[in-house]
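Given chain D, work out where chain C should sit, using these hints.
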Amino acid sequence: DAKTTQPPSMDCAEGRAANLPCNHSTISGNEYVYWYRQIHSQGPQYIIHGLKNNETNEMASLIITEDRKSSTLILPHATLRDTAVYYCIVRVGGSQGNLIFGKGTKLSVKP
Amino acid sequence: GAVVSQHPSWVICKSGTSVKIECRSLDFQATTMFWYRQFPKQSLMLMATSNEGSKATYEQGVEKDKFLINHASLTLSTLTVTSAHPEDSSFYICSAIQDSPYEQYFGPGTRLTVT
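Order-wise, the sequence lines are chains D and C.
When we follow our numbering, the leftmost residue of the first sequence carries the number -7, and every step to the right adds one.
When we follow our numbering, the leftmost residue of the second sequence carries the number 2, and every step to the right adds one.
As a list, the in silico DSSO-like pairs of lysine-lysine whose alpha-carbon atoms are at most 30 Å apart: (1) D/Lys95 - C/Lys42; (2) C/Lys67 - C/Lys42; (3) C/Lys42 - D/Lys102; (4) C/Lys56 - D/Lys(-5); (5) C/Lys21 - C/Lys67; (6) D/Lys98 - D/Lys(-5); (7) C/Lys21 - C/Lys65; (8) D/Lys44 - D/Lys98; (9) C/Lys42 - D/Lys61; (10) C/Lys56 - C/Lys67; (11) D/Lys(-5) - C/Lys65; (12) C/Lys65 - D/Lys95; (13) C/Lys42 - D/Lys(-5); (14) D/Lys61 - D/Lys44.
A short list of chain C residues far from chain D (calculated; beta carbon distances all over 10 Å): (15) His8; (16) Cys14; (17) Ser16; (18) Thr18; (19) Glu53; (20) Val63; (21) Lys67; (22) Leu75; (23) Val115; (24) Thr116.
Source of the hints: derived by calculation from the structure; they are not laboratory data.
Virtual Cβ for every residue (Gly too), placed ideally from N, Cα, C.
Looking at chain D on its own, in the form it has when it is part of the complex (with noise of 0.2 Å):
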């Protein structure tokens, strides 16, 4: 089962931030937080992940609570294309352990 309890859609205007909230709360400690989309009939794309410190690539950043509880991916500047279901995954199993999908937030970019 999935270890990670997301609200199952959300809105957000096109150039503002879309912020993305995750649960996680029987997270150990050595598991990391994945988030990954996807586009409507297209497979599963990396976006970012951590571990306990916040992390920030090209694409968006991860914000981790300090008892590692919960997260928020931040999207800066949303735009249209950004519309997809975003997955926040737990991965267990270690560093190849495989990706136990929950059923994600559907983001709606609106003009």
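Positioned in the frame of chain D, the structure of chain C alone reads:
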């Protein structure tokens, strides 16, 4: 980033026939690959873990005799849906782990329709 391809991207077959789907890691070697299935408006469900040179490990409820997985090389895994039925119609997605830094990359998926 690393690229994973799937072939075919879509396939239509008749009930009772078998269909083979290929998953390739194009620019890296992958000891471990995964196969997922996704029904409309649902999330991805892990079907099996495929390790090069050994038998695949299937998730509970997935019939290993129906979904044959072969991982014969470090860049190729195949999923064969045997005696396909309409309820096997789904979106099949593979992924591959790049050895160091062990990131998982997904293929574009294969849409299977069984008539």
